[in-house]
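If you're matching them up, the sequences are chains Y and V in order.
Reading the first sequence from the start, the letters are residues 1 to 528 in the numbering used here.
Reading the second sequence from the start, the letters are residues 1 to 528 in the numbering used here.
Hint data in this document are derived by calculation from the structure and do not stem from the laboratory.
Cβ coordinates follow ideal geometry from the N, Cα and C atoms, glycine included.
It is possible that some hints are incorrect.
Here are the computed distance ranges between Cβ atoms for each label pair [claimed, not checked]:
(1) Ala138/V to Tyr23/Y: 42 to 52 Å
(2) Asp254/Y to Gln99/V: 41 to 51 Å
(3) Tyr23/Y to Glu433/V: 50 to 60 Å
(4) Tyr23/Y to Pro408/V: 45 to 55 Å
(5) Val525/Y to Glu513/V: 18 to 28 Å
Which chain Y residues face chain V? A few, computed with CB under 7 Å, are given here [said to hold, decoys possible]:
(6) Ser257
(7) Glu446
(8) Arg451
(9) Met467
(10) Tyr473
(11) Pro495
(12) Ile518
(13) Leu521
(14) Val525
Protein chains: 2
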Amino acid sequence: MDIHTINGKQLIGYEESAEGNEYFHSVDPSSGTESPSRFYKATSDEVNRAAELAERAFSIYRKISGQDRSAFLLRIADELTQDAAELVRICGSETALPQGRLEGEVVRTVNQLKLFASVIKEGSWVDARIDTAIPDRAPLPKPDLRSMLIPLGPVAVFGASNFPFAFSVAGGDTVSALASGCSVVFKAHPAHPMTSELVGKAILRAAKASNLPEGVFSMVHGDGPTTGAALVVHPSIKAVGFTGSFKGGRSIMDAASKRPHPIPVFAEMGSSNPVFVLPRALKLHHEKIAAAYVQSLTLGAGQFCTNPGLLVYEEDSSQETNVFRSALKDSISQASTHPLLTEAIGSAFSKGIEERSAHQGLAVLASSTAAEKHPVPTLFSADYTAFLENPTLEEELFGPSGIVVNTPSKNELLQFARNLSGHLTATVHATDEDLEEYKELFDILEQKVGRVLINGFPTGVEVSHAMVHGGPYPATSDSRSTSVGTAAIYRFTRPVCYQSFPGSLLPDELKDENPLGIWRLLNGVRTN
Amino acid sequence: MDIHTINGKQLIGYEESAEGNEYFHSVDPSSGTESPSRFYKATSDEVNRAAELAERAFSIYRKISGQDRSAFLLRIADELTQDAAELVRICGSETALPQGRLEGEVVRTVNQLKLFASVIKEGSWVDARIDTAIPDRAPLPKPDLRSMLIPLGPVAVFGASNFPFAFSVAGGDTVSALASGCSVVFKAHPAHPMTSELVGKAILRAAKASNLPEGVFSMVHGDGPTTGAALVVHPSIKAVGFTGSFKGGRSIMDAASKRPHPIPVFAEMGSSNPVFVLPRALKLHHEKIAAAYVQSLTLGAGQFCTNPGLLVYEEDSSQETNVFRSALKDSISQASTHPLLTEAIGSAFSKGIEERSAHQGLAVLASSTAAEKHPVPTLFSADYTAFLENPTLEEELFGPSGIVVNTPSKNELLQFARNLSGHLTATVHATDEDLEEYKELFDILEQKVGRVLINGFPTGVEVSHAMVHGGPYPATSDSRSTSVGTAAIYRFTRPVCYQSFPGSLLPDELKDENPLGIWRLLNGVRTN
Chain Y
1 MDIHTINGKQ
11 LIGYEESAEG
21 NEYFHSVDPS
31 SGTESPSRFY
41 KATSDEVNRA
51 AELAERAFSI
61 YRKISGQDRS
71 AFLLRIADEL
81 TQDAAELVRI
91 CGSETALPQG
101 RLEGEVVRTV
111 NQLKLFASVI
121 KEGSWVDARI
131 DTAIPDRAPL
141 PKPDLRSMLI
151 PLGPVAVFGA
161 SNFPFAFSVA
171 GGDTVSALAS
181 GCSVVFKAHP
191 AHPMTSELVG
201 KAILRAAKAS
211 NLPEGVFSMV
221 HGDGPTTGAA
231 LVVHPSIKAV
241 GFTGSFKGGR
251 SIMDAASKRP
261 HPIPVFAEMG
271 SSNPVFVLPR
281 ALKLHHEKIA
291 AAYVQSLTLG
301 AGQFCTNPGL
311 LVYEEDSSQE
321 TNVFRSALKD
331 SISQASTHPL
341 LTEAIGSAFS
351 KGIEERSAHQ
361 GLAVLASSTA
371 AEKHPVPTLF
381 SADYTAFLEN
391 PTLEEELFGP
401 SGIVVNTPSK
411 NELLQFARNL
421 SGHLTATVHA
431 TDEDLEEYKE
441 LFDILEQKVG
451 RVLINGFPTG
461 VEVSHAMVHG
471 GPYPATSDSR
481 STSVGTAAIY
491 RFTRPVCYQS
501 FPGSLLPDEL
511 KDENPLGIWR
521 LLNGVRTN
Chain V
1 MDIHTINGKQ
11 LIGYEESAEG
21 NEYFHSVDPS
31 SGTESPSRFY
41 KATSDEVNRA
51 AELAERAFSI
61 YRKISGQDRS
71 AFLLRIADEL
81 TQDAAELVRI
91 CGSETALPQG
101 RLEGEVVRTV
111 NQLKLFASVI
121 KEGSWVDARI
131 DTAIPDRAPL
141 PKPDLRSMLI
151 PLGPVAVFGA
161 SNFPFAFSVA
171 GGDTVSALAS
181 GCSVVFKAHP
191 AHPMTSELVG
201 KAILRAAKAS
211 NLPEGVFSMV
221 HGDGPTTGAA
231 LVVHPSIKAV
241 GFTGSFKGGR
251 SIMDAASKRP
261 HPIPVFAEMG
271 SSNPVFVLPR
281 ALKLHHEKIA
291 AAYVQSLTLG
301 AGQFCTNPGL
311 LVYEEDSSQE
321 TNVFRSALKD
331 SISQASTHPL
341 LTEAIGSAFS
351 KGIEERSAHQ
361 GLAVLASSTA
371 AEKHPVPTLF
381 SADYTAFLEN
391 PTLEEELFGP
401 SGIVVNTPSK
411 NELLQFARNL
421 SGHLTATVHA
431 TDEDLEEYKE
441 LFDILEQKVG
451 RVLINGFPTG
461 VEVSHAMVHG
471 GPYPATSDSR
481 STSVGTAAIY
491 RFTRPVCYQS
501 FPGSLLPDEL
511 KDENPLGIWR
521 LLNGVRTN
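Can you build the whole structure from these sequences, using the hints too?
The structure is reproduced here in structure tokens:
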């Protein structure tokens with residue numbers, strides 16, 4: 001396989017394949033021009049082959065040590081680092097994302113690989129539990145029981161449009177699946193097929209260099225309703241990772257739950273991430289908060305899952321709230337922007353702006369006069385009662401637009417919070433006195449979201465051990481998971497218990513002598 | 001509320017309620033006689049009230065310390081211990097289960113409460129993770145991030161027919177939900193409504209004595225398709241725990257996945273728990289294994305989720321395999337039994353025996369001549385090829401019946417294992433040499449089940465830290481969980497992350513000073 005030129009084919013095992021007739025092109029969103037390469041949509045044969053190879057590879061890959069899987073992830077990180085300049089150049093031409101942002105995203109993706117590599121090299125993540133036997137227990141002997149997490153099987157991963165590296169081919173879902181010992185069939189996002197191919201080939205080079213079985217990673221091109229759906233219902237596929245729209249995520253959930261053997265789906269479907277500005281913080285920092293809010297809202301043209309699309313405050317007609325609104329207007333008026341990732345995303349945004357403009361519960365607060373063309377960053381304004389009547393106003397509009405919601409007092413602000421659906425994040429701007437007075441708000445918000453922030457903004461999701469990028473439906477399909485951070489590995493695992501096994505047959509993680517030196521729960525006590 | 005007499009009403013919060021007209025009776029399976037008390041099926045108003053009260057109670061109960069929740073569980077254990085004799089007496093009269101078995105089950109249920117109490121008192125189970133801030137990190141500061149598991153919300157729990165204590169009102173699902181901080185609405189199993197009422201009242205006495213909010217536990221009577229279904233789709237319910245039939249479990253899965261806001265379902269749907277007898281073990285221990293297998297198969301009239309309904313061995317026409325088959329015949333011929341739990345279970349078993357008897361791939365090996373009436377313990381015999389043609393033979397027949405499957409050699413035995421669907425357990429009888437030669441079998445089996453046993457029998461599920469009572473679909477709805485053992489608590493939780501919180505607003509589990517002294521992951525390192 002030619003590893004550095006772009007052929008537009010599926011990467012199935014270690015082979016390239018293009019058996020179908022349908023194809024599409026990579027498009028530069030700045031100019032609308034198509035790149036010359038054709039990207040062939042996978043045929044159902046190709047999807048089946050990728051899934052079956054993944055199943056065969058899984059039976060070998062799952063038994064490889066954490067040490068060796070760790071080396072594989074580091075090797076992918078090296079390949080990406082070596083190709084970083086080329087990757088950023090190609091990616092910029094098909095996403096219109098600025099060079100600096102993409103360079104940062106490659107670094108983040110590389111660091112994510114390294115972080116997962118460190119976790120599986122250390123090895124304690126498997127939650128090893130040992131309950132030793134008590135042969136003379138009455139009335140019945142207690143058997144020796146040992147359990148740990150093992151990988152689920154081949155995982156279908158769907159690339160996201162908005163993070164061509166960090167939530168795409170070698171992104172968080174792929175890496176957490178590979179880290180746990182699962183093989184991956186990746187469905188590339190058509191918004192950046194060239195980048196996908198290059199990153200896919202980097203993974204395959206790393207897999208080959210690590211002597212891994214063919215099929216540990218494969219990648220197919222195509223659309224959601226055919227290629228994606230075929231993957232989700234393939235019997236070899238045992239779990240799904242997805243980052244994208246609510247509509248796409250829910251259709252995967254529905255397809256997976258209707259399978260003869262249903263499988264878990266981890267769909268991160270975005271949200272509008274409410275930001276609450278409490279009265280004293282508003283009085284003290286209104287201008288700063290307004291400017292920082294608009295900056296977070298328009299960062300990357302608002303194309304983040306954690307984009308803060310709702311801003312909530314108490315309107316008391318004071319000078320400060322007037323200044324706050326003025327500052328919001330000023331900031332959004334001056335906000336520049338750049339093209340959205342795809343024409344479809346651009347159209348959906350424009351349509352959303354039109355609908356909001358026509359909505360009787362919303363008024364345009366201000367929109368950018370600095371943006372030279374679409375998308376035009378726009379802030380809307382609403383009384384909280386509009387949300388009582390139209391809960392759909394809470395839904396995400398992907399792009400640089402937000403709704404500024406005013407409530408008459410604390411009670412209604414709390415009520416607004418109580419009425420919220422599931423979101424990825426909620427943010428509160430507050431002084432110490434605000435925090436004291438609004439304790440109840442935090443009780444409410446932690447039940448609505450995966451991450452609550454104080455005096456910050458939700459964009460910029462740290463890849464670390466304690467990060468939770470998740471939250472109740474409809475933000476995700478399964479609130480019991482995170483798709484960012486090291487705990488993401490748990491999505492693709494299940495526990496298995498070995499009863500009365502001789503040491504020679506036990507995995508190293510569960511042997512008496514603890515050869516890996518990992519933390520384990522020994523008769524209920526944490527020990528290493 | 002009258003706490004020791006049986007009124008046949010719903011227990012909603014701290015009130016009894018019987019607003020409907022439909023009712024049923026407790027039936028003694030030995031005699032078919034009905035007890036005089038009427039048990040009223042919950043109306044939809046009653047179901048709604050229970051769910052809404054559970055939601056209100058949850059908002060208070062979730063914030064109660066692990067220490068206090070632990071005391072509540074211990075109090076339930078005390079109540080059950082005090083009432084043990086009465087509970088066993090009443091339960092025996094509506095389940096026909098022997099006194100000794102029921103006494104043991106009460107002890108097991110009490111110990112289960114105590115084990116969960118110890119886990120939440122200690123507190124480390126919440127998986128607290130702290131990533132400290134690096135304010136001067138370039139290019140962006142690293143925020144302070146802290147995460148832990150919090151409870152999901154009100155859980156609907158369905159009682160099982162076959163464990164009137166351990167998988168019922170105060171059983172594993174209820175206890176793990178209450179331990180995690182969730183409130184519970186319990187749907188009592190109509191096979192033992194008197195026992196359910198007494199245990200439900202014991203929980204309510206403990207809740208009152210612990211000053212817990214009304215609705216932390218409620219219990220309704222009724223059937224699956226109406227009462228149960230109404231609970232599963234109620235918007236206040238955030239998760240479901242179920243132990244029962246495949247049909248019942250799958251219908252709950254389907255209903256939950258079609259909700260506007262889908263919720264997780266943890267359904268343990270049983271399995272036929274294959275037992276493999278490898279050649280050398282067979283040669284050495286054929287008579288002992290045959291007798292012990294039949295004992296496990298007929299224990300409790302075969303009414304266990306882990307009942308070993310499949311026995312697989314290599315038939316080589318040797319004297320030993322002949323003796324093995326003879327010993328199986330002898331054992332099953334002498335097997336006594338007692339009535340099944342309900343008339344419906346009895347009819348389903350009889351129908352299953354008829355169908356198996358008429359099945360062209362199966363032959364009757366032998367059946368009990370000692371059983372005085374139905375159910376008659378029966379062993380069938382089949383060539384492994386029958387399973388290739390009819391995978392449904394692998395499905396559970398609830399009751400004292402198994403299929404003895406012979407394969408011509410190792411290859412076919414491994415192939416039989418590879419073709420297995422998901423089960424709760426798989427067992428292997430083997431000598432050290434067998435283990436060495438059949439390593440591949442264990443690779444296969446650990447991908448098919450939640451627990452693999454060597455030289456034992458799967459009935460008798462230890463309640464401990466390392467137990468996994470789960471397994472791939474169709475054994476359960478979600479292989480990533482266990483419904484027995486302390487890890488069952490994780491089913492009803494989700495992670496939440498607090499970013500840049502002042503210590504005063506953080507839960508104790510995440511405060512700098514670690515006031516609870518729990519194990520935490522501090523910047524990726526396990527520490528306490």
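So, going through the hints one by one against the coordinates:
| no. | hint | result |
| --- | --- | --- |
| 1 | Ala138/V to Tyr23/Y: 42 to 52 Å | holds (43 Å) |
| 2 | Asp254/Y to Gln99/V: 41 to 51 Å | holds (49 Å) |
| 3 | Tyr23/Y to Glu433/V: 50 to 60 Å | holds (58 Å) |
| 4 | Tyr23/Y to Pro408/V: 45 to 55 Å | holds (51 Å) |
| 5 | Val525/Y to Glu513/V: 18 to 28 Å | holds (23 Å) |
| 6 | Ser257 | holds (4 Å) |
| 7 | Glu446 | holds (5 Å) |
| 8 | Arg451 | holds (4 Å) |
| 9 | Met467 | holds (6 Å) |
| 10 | Tyr473 | holds (5 Å) |
| 11 | Pro495 | holds (5 Å) |
| 12 | Ile518 | violated (9 Å) |
| 13 | Leu521 | holds (5 Å) |
| 14 | Val525 | violated (9 Å) |
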